[in-house]
Structures are given as C-alpha cells and as structure tokens.
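Chains as they are written, first to last, in the working numbering: chain A, 1 to 446; chain B, 447 to 887.
Honestly, the hints are just simulated from the structure, not real lab data.
A few of these clues could be false.
[To be verified] The calculated lysine-lysine pairs, modelled on DSBU-like cross-linking and capped at a C-alpha distance of 30 Å, are:
id : chain 1 : residue 1 : chain 2 : residue 2
1  : B       : Lys742    : A       : Lys250
2  : B       : Lys742    : A       : Lys116
3  : B       : Lys617    : A       : Lys116
4  : A       : Lys250    : A       : Lys168
5  : B       : Lys617    : A       : Lys246
6  : B       : Lys690    : A       : Lys250
7  : B       : Lys617    : A       : Lys320
8  : B       : Lys786    : B       : Lys886
9  : A       : Lys125    : B       : Lys742
10 : B       : Lys680    : A       : Lys116
11 : B       : Lys617    : A       : Lys291
For clarity, every value in this text was computed on a predicted model and none was experimentally measured.
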Amino acid sequence: MMQGQTNRHGIEQRSTFFTHQLKNGLQIVGEQMPDVESVALGFYVKTGGRDEKPDEDGVSHFLEHMVFKGTQNGLTAADINIMFHRIGASFNAATSRDVTYYYCMVLNEYYDQAFKLLYSMQRPKLDATEFNMERNVILEEIARSLDNPGSHAFRTLNSIYFTDHPLKTTILGSRESISTMQIETMRNYWQRRYVANNLIFSVAGHFDWDHVVQQAEEYCGDWESGEVGRRLLQAHPKPQFVVVTKSNLKGQLLAMMMPGPSNQNERDVQVAGLLSIIVDDDRLFWNVREKGLAEGVSFGSSPLDDTGVFSAYASTTPAKAVETFQAIRRELEHIQEPTGRITDDEMERAKNKLITGMVFGGESSMNRMFSNGRTWMIRNRLIPLDERMALIESITIDDIYDLLQRYPLTGPTVALTYGPMVQDEIAAAAPDLPVRTEPAILEAEQ
Amino acid sequence: MDKTQQSGQYEFTHRLPNGMEMVGQYMPSVRSVALGIQIDAGSMHEQNNVTNGVAHLIEYNLFQGTTSRTARQINDELERIGAQHGSGVNAEWARYTASLVGRGDNLNRTLDILADVLMNPTFPEQEWEQQRAIVQQEIRNRDDEPMQRVFDVLREDFFNGNPLGYNPLGKLETVMNLTPDQARQFWSEYYHPNNMLLSVAGSFDWDDLVKRVESLFGGWHTGENLPSRYELQKEIPPPNPQTKISVEQYESQQEHIGMAYQSVPITSPYYYVASVVTEIFGGGMSSRLFSEVREKRGLVYSVGASYGATRPVGLVSIYAGTTSEKSPETVQVIIDQLQKLYDKGVTDEELNDAKTQIKARVVMRGESSGARMGANMSSWWYENRLRPIHEIKEQIDAVTHESIKEYLATTPPFNAFVLSARGPRPQPELLAGVPTELLKA
Numbered sequence: 001m002m003q004g005q006t007n008r009h010g011i012e013q014r015s016t017f018f019t020h021q022l023k024n025g026l027q028i029v030g031e032q033m034p035d036v037e038s039v040a041l042g043f044y045v046k047t048g049g050r051d052e053k054p055d056e057d058g059v060s061h062f063l064e065h066m067v068f069k070g071t072q073n074g075l076t077a078a079d080i081n082i083m084f085h086r087i088g089a090s091f092n093a094a095t096s097r098d099v100t101y102y103y104c105m106v107l108n109e110y111y112d113q114a115f116k117l118l119y120s121m122q123r124p125k126l127d128a129t130e131f132n133m134e135r136n137v138i139l140e141e142i143a144r145s146l147d148n149p150g151s152h153a154f155r156t157l158n159s160i161y162f163t164d165h166p167l168k169t170t171i172l173g174s175r176e177s178i179s180t181m182q183i184e185t186m187r188n189y190w191q192r193r194y195v196a197n198n199l200i201f202s203v204a205g206h207f208d209w210d211h212v213v214q215q216a217e218e219y220c221g222d223w224e225s226g227e228v229g230r231r232l233l234q235a236h237p238k239p240q241f242v243v244v245t246k247s248n249l250k251g252q253l254l255a256m257m258m259p260g261p262s263n264q265n266e267r268d269v270q271v272a273g274l275l276s277i278i279v280d281d282d283r284l285f286w287n288v289r290e291k292g293l294a295e296g297v298s299f300g301s302s303p304l305d306d307t308g309v310f311s312a313y314a315s316t317t318p319a320k321a322v323e324t325f326q327a328i329r330r331e332l333e334h335i336q337e338p339t340g341r342i343t344d345d346e347m348e349r350a351k352n353k354l355i356t357g358m359v360f361g362g363e364s365s366m367n368r369m370f371s372n373g374r375t376w377m378i379r380n381r382l383i384p385l386d387e388r389m390a391l392i393e394s395i396t397i398d399d400i401y402d403l404l405q406r407y408p409l410t411g412p413t414v415a416l417t418y419g420p421m422v423q424d425e426i427a428a429a430a431p432d433l434p435v436r437t438e439p440a441i442l443e444a445e446q
Numbered sequence: 447m448d449k450t451q452q453s454g455q456y457e458f459t460h461r462l463p464n465g466m467e468m469v470g471q472y473m474p475s476v477r478s479v480a481l482g483i484q485i486d487a488g489s490m491h492e493q494n495n496v497t498n499g500v501a502h503l504i505e506y507n508l509f510q511g512t513t514s515r516t517a518r519q520i521n522d523e524l525e526r527i528g529a530q531h532g533s534g535v536n537a538e539w540a541r542y543t544a545s546l547v548g549r550g551d552n553l554n555r556t557l558d559i560l561a562d563v564l565m566n567p568t569f570p571e572q573e574w575e576q577q578r579a580i581v582q583q584e585i586r587n588r589d590d591e592p593m594q595r596v597f598d599v600l601r602e603d604f605f606n607g608n609p610l611g612y613n614p615l616g617k618l619e620t621v622m623n624l625t626p627d628q629a630r631q632f633w634s635e636y637y638h639p640n641n642m643l644l645s646v647a648g649s650f651d652w653d654d655l656v657k658r659v660e661s662l663f664g665g666w667h668t669g670e671n672l673p674s675r676y677e678l679q680k681e682i683p684p685p686n687p688q689t690k691i692s693v694e695q696y697e698s699q700q701e702h703i704g705m706a707y708q709s710v711p712i713t714s715p716y717y718y719v720a721s722v723v724t725e726i727f728g729g730g731m732s733s734r735l736f737s738e739v740r741e742k743r744g745l746v747y748s749v750g751a752s753y754g755a756t757r758p759v760g761l762v763s764i765y766a767g768t769t770s771e772k773s774p775e776t777v778q779v780i781i782d783q784l785q786k787l788y789d790k791g792v793t794d795e796e797l798n799d800a801k802t803q804i805k806a807r808v809v810m811r812g813e814s815s816g817a818r819m820g821a822n823m824s825s826w827w828y829e830n831r832l833r834p835i836h837e838i839k840e841q842i843d844a845v846t847h848e849s850i851k852e853y854l855a856t857t858p859p860f861n862a863f864v865l866s867a868r869g870p871r872p873q874p875e876l877l878a879g880v881p882t883e884l885l886k887a
C-alpha cells in the first residue's frame, strides 16, 4: 500500500493503492479514490489478435462477444444484460491487438452484483447455438468496418506494415475465418489464454479493499493456471507506398507508419508521447492543416509489447493529396534537422497539455481503472499519477533527440493512400518509395 | 480549504448589467476546472442558400487572430496554461470550452484569452481562405461516411426547411462563396453579452471569477439594448415534419438505415419520460431493439435509438447497419417493435430498470467537472435554473406507466416519419416488409 502526497504542481494525491495475487496467479490491483461514489471494475486478459494461431483468425474478438452470451455458472445472455442494466452499470468490452478487457462502472453500493457478473463472464459457457447466432453479428461488424474509410485504411496499413509479424491481425478476422470457425477452436483458445495467471482484475474508485480481496479469493480462487506467454518478435517493415483506389469516395486519406519505441521502457513511452504532441499539435497542425491542405491531420505513438510504431494520418482531397503527403514527410524530416529543433516553449506546452490530461483522468474512476490495469499488465507495478508527472517533468529536449536517433521519423516508412486516386496520379508524392496498387484488406476475398 | 469551500455554498448564478449570464458549481473534490461560454449564434440564424456554414466558419476563424493576438499566440498562450480548448456549433448555439487545472491564475488567464477571441476577432483574409478550404474538405469527407450521410439527410428531411435543420457544416456551394464580411456581419449581430452564458464547474473561486468576468466583459455593448437570446429564440418557428423516405443506392458493404420521428421538446414535462421510453426501446444492450434485432436474429452489429431535443422540438432517431440480404427484415423488425411500443407500452421491469440506469448515469457523470459544466449550461440555457442531481433523480423516479401512456399518445411516430438509407438496395426492396399505408406521405 502506498499513499501519495502533494507534488510540485500543487496537485494533492489522495488515492491509495493496493495489490494482491491469488495462489493461482490472478492479480488484483486497486486504487481507492476518497472523493467519488462510483467504482470501476475490469478484467484485463493479456491476449488479443496477435496471440491467435493461423486457424484462429478473429477468435479473440469473437470470444469477447461470446463472453456476454452465457456463463458456466448458469447466467444467460439475457441475465447478463438485464442485471448490468438493473444496477445502472455502464459496461462494455474491447479487444485489441494485444489485450482483451471487460469492464463496468457502477455506484459503489452495487459492487457485489457488478463483480459477480464480471467474474462469471470470465468463465463463459460457449454454447454452440449462441455461437452460430453471434457469428452473424461478427460478419456484420466486419462489413461495417469496411464502410468506414478511416478504419478500413488503418487496418489495411497495419496488415502491410506487420506483414511478417503477428501484429498484422485485423482483430475482427476475415469473412472466411469467421464463417468457417468451429466452436471447438474458440474453446481451445479460451482454455489456453483465459487462465488465472493471464488475468488482472483492476478496481478503482470507492470500495473496501479487504472485501474486494475476500470476494476474489472466494470466487476466482479455483480458476486454473496455465502456461502463458506470447511470441515476441521484431517487425521488419518494407518501405513502400500502397495505393488503394476507391472510386466512389470524394475524400483522399493518407496514412503512414514507421518504427517507434515499444512498451518495454516507461521513459521511452513518455518521451515518445511528448514528441507526438509536438509533431501533432505544433508541426503538422500549423504547417499542414492550418495551411488549408488537409482538414484532419494527426501523429501518434503506439507502443506495443515487443515493438512499436509511430503513425501519421491525414484526411484530405485528391486535389491536395500529393502536396499534403509531401508536407507531412517534410515536417517529419525537419524536426530532426538543426533548423527544426524542438524549442523550450514547445516542450513546456507539450508537458502542460499532458499533465492537464492526467489531472482530468485522475478524477475519473473508469480512467484510473483502465490505466492501472494496463500499467500492471505491462510493468507489473502501478505508477501513481504524481510519479508519472515527475517523470514527464524530468524529460529534456535531448531525451527526445536521443529517442529520434534510435527511431528516426524518416525511418523505414510504409505509407498508404485510400480514396479515388489511382497510382499514376499520386505516385509522384513519394518518389523514394516503391509504389504498388492493392485491394484493401478483407475485401480481396470477395 | 479555500474561500468558496469555507462559505459552504456550491452553486452560483450572476447576471451582468449588459445581460451576460453566469452559472457556477464548485466541486470540492476535484482539482480540475471546466469553463464554457455559450452564445445564441448557431446555424439556425443563417440564410440557408446564402450563408449556410457561416456560424461554423466563425467558430474556426475566431481563433485565427484578434486585434492583439495572432492565431499562433492564442494557441500557444492557452497551451502554456495547459488549458485544452474546444468549440462547437450546432443549429441552436456556439460553444467555447476550456479544461484546465484550477490552480494559480490559470482560470483568469484562460478567461482573458477567450474574452479576446470572442470580442476582438479580426477575420484575417488569408486565414479565412484556408479555413474555408478546410471546411469544404470536411463536407466532402463527411459524405464518404455512410452513417454520417444518412443522419445528415435524415435531419434535413425531418426539419423540412426549418432553420433548426440547417447543417452547421454548410453546403459546398454556400461555403465556397462565404466572405469575411458576411462573418463580421453575423458576428456583430449575434456575438454580444446579452446573448451569452458562461458556465464553470470544478475548482475555482466564485467571487474572483465574477470580478474577472465583469472587468473583461462588463464594458462590452453596455446600454445598447441588443436583442437577447430569449427574444432571438422566439423568431424560430417549430418545424413541420412530413413523412419522407430517401433511399440512396450506393456501393457499400452494409445498408445504413436511419429513421426519425417527432418527440417532445427539451422543456417539456415529458422530457424524462421520453428519455426513459427511448432507453427501453433502443438505449443499450438490454433494449428491445438490441435484443430483437441483434441478439435474437443476428441481423446487425449496430442498432439503437436515441432521444435528442431542442427548445422547439424533440426527435427520436433510430439507426441500424446491416448487410443487403438482411436489410428488409431489419427494417421490418424495427417498425414492428415501434408499433408494439406504441400499442402496448412498457413492462414494470423495463420501467424500473431504465430508471435505475438513467439515474446511475446522471450520478456517475456528475463526478466529472466537464459534464457538470455542460449540464448546468443546458439547464440554465433552456430553463433559467440549475437542476441539482437529486432533483433530476426525483424527476426520473416520477415517470410512471400513466405518464408514459400520455407521452406515447402525444408522439405518434407514423404521422410524420422520416426514413433515410444508403446502400445497395433500391427502396421498394428495402421497404418490402412494411405496410405501405404506414409510410405514406
């Protein structure tokens, strides 16, 4: 248990942190927030699209849906929905490339009911009839993602960048993999990945820690442990420029990825976060968006387990696409040149922005539950807000350039454009990259 | 403990002599403070075929320069404080917000900048061109997202020419020709203190805030007797929706389907009844639409209904996205469910669960300064009063089968029902399962 104190921002840390581990390896993390009535609870499962075998494409996400369709201890799909509703819970779940999580937020008097639902769901029934019905919903979700240009473009770029790496997953799976998936495949995956020692239970807000531990011991203590882990690999992106032509669109999207830091080092993660704010809000916003080139432009860092990426994204029109693409790459290059060096003022503003976001996040039980679950999963420790703020304060401009030495923004770039333009119209935007035309992912099979 | 906390009073209101209104809620448990200024300067005041889009372009251009600050200075000063600013325009109003840590003189410095932005814009020519180019791109890109497109058409059809239905983004043909002069004209007509409400929630000192606001805004348009937002609102007639079907054939994976019908306005005594009924019908994962369309039949991934309201009118809107082969059945099931709701009402269990759900949401959102700022802004804007959370809970508790019956009787959905779809199916196939007399114009 640790308790914070007032830091130099005058922001008093009033939270109290707790951790506990059951004999079977299930880990529990808690952050008590004395000023809130709500409590947020979540199970983090260290599994996602990247942990699927070739014949399991899409199973992590499909399973996340099935977890709501009935439990081994007899709750039906209707029971789960109605009981969450009855206690006024905000609840949901999500599956990403590297994690799957189930969460809810309730007023603290409903903690027991909320916990019962969430822990029961970690032991799902996986009923064949429900499985076949839910298959249709997943196929609809795939169709829906193809109609959203931004999401479709990103999935396609991700699969090309990580061509030789498990992170190439689309998460949703393909029409074919979902249509032919057998329930046995899902049962096996669940047995392999949802073992107690691969799960973290995170709770934040208003709760009684002894009660939380006692309930977890009572209801989760008999869960089986198993061999877990994940293949950690380096990605070897091949620099290229992929053109996806969609003749019925009006806008033209541009996206690119290049290597960035992984999750392994907290300092690198925060340095990359500050760099991203500066590139996004200072450089690209003013020199691309505000020049009228693209209505939307962004830059970010996505640290993952064994690798990470920086990515840039722009939403423009065919008339401005070549210029926008060149302007973005010029900015990424310029920040690494002496004339484009990051200024003290840029650094201060970026830090202030990050810290304001953390103060707001620190007042939300849901936000703290997410942050702690994720941090524990990655680092096996909790990082109180004031420690994270102190870390951010200690970062210097030289730290950013040290990171850029290792992960230059001009590094191996995989770029993609998505919209009405054909290859000949846009190839000139990146004469240094080999260009090819490709269908977008998940559509090729049609 | 600071002054405000010692005083024990947590809710505040104030009106400046020039008509500017202020509301505040002190939250002893937070370090953050959320600030918002709302102005009756939305797209409903535009001329649809001439100036549509100007209210939104003004929102962008206010941050492009003032008589004493460049765009860059405005941005960088706010960032140095760590204030995250946002803005938005809809049919009824323009809103400017900032979220910051409530310490030192952060709040005062943020107010200084926002006041400058609102009162002293210069609408510089070159920046105007750039922002106009950006908005034209936004309009094009929005059309590429089928769900957005469906809702834009749905609103346009529902409002049927009424100013509340003007798309704030504007039309390509109007935005292309908008000039800084038109912006100045609109700005001078609608941006004045008599037309403005400031809301603040979180960690702040009310007396200091009032002093600062008075010194910043107090001398602006004093004694000029400009029309207030209350008078301006009266100029907007209620809409007169008609049944209308718009199906656009489009090459996409899914058929995106939107439907809407008239409900009660935001000031109606049935406001919370409408919220409860819509929650039961299509609010979440235990709603009837979710259960009938998704859980039992596997027709969709997304389906739901929501209730939204403005001062003159409310609107229930429904959305479903489904692949072509399932789209006729999806439409049919939704229409059947709507008829069933209006024929039979809701069950005891549904009523109790929906009330719990909405109350919990209100309480949990109440922990965030941003949400409190927004909620207070709305209740003062529409009702000239602050609604404490316990009062909202009481009103939700007061919803009964009786009041639901009355609400359903006053909002018959098929008198004026709009349906808009975009996808591969032609209209006759899409509506094959719906009785033709139901959707007759």
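Against the structure, the hints:
1. B:Lys742 / A:Lys250: Cα-Cα ~37 Å, so violated.
2. B:Lys742 / A:Lys116: 25 Å, holds
3. B:Lys617 / A:Lys116: Violated. Lys617 of chain B to Lys116 of chain A sits at ~52 Å, over the 30 Å cutoff.
4. A:Lys250 / A:Lys168: Measuring from Cα to Cα gives roughly 28 Å; hence the hint holds.
5. B:Lys617 / A:Lys246: 23 Å, holds
6. B:Lys690 / A:Lys250: Holds, at about 27 Å.
7. B:Lys617 / A:Lys320: 20 Å, holds
8. B:Lys786 / B:Lys886: 19 Å, holds
9. A:Lys125 / B:Lys742: 18 Å, holds
10. B:Lys680 / A:Lys116: This hinted pair is violated, its Cα atoms lying about 53 Å apart.
11. B:Lys617 / A:Lys291: Cα-Cα ~21 Å, so holds.
In this structure, the earlier hints numbered 1, 3, 10 are contradicted, and the remaining ones agree with it.
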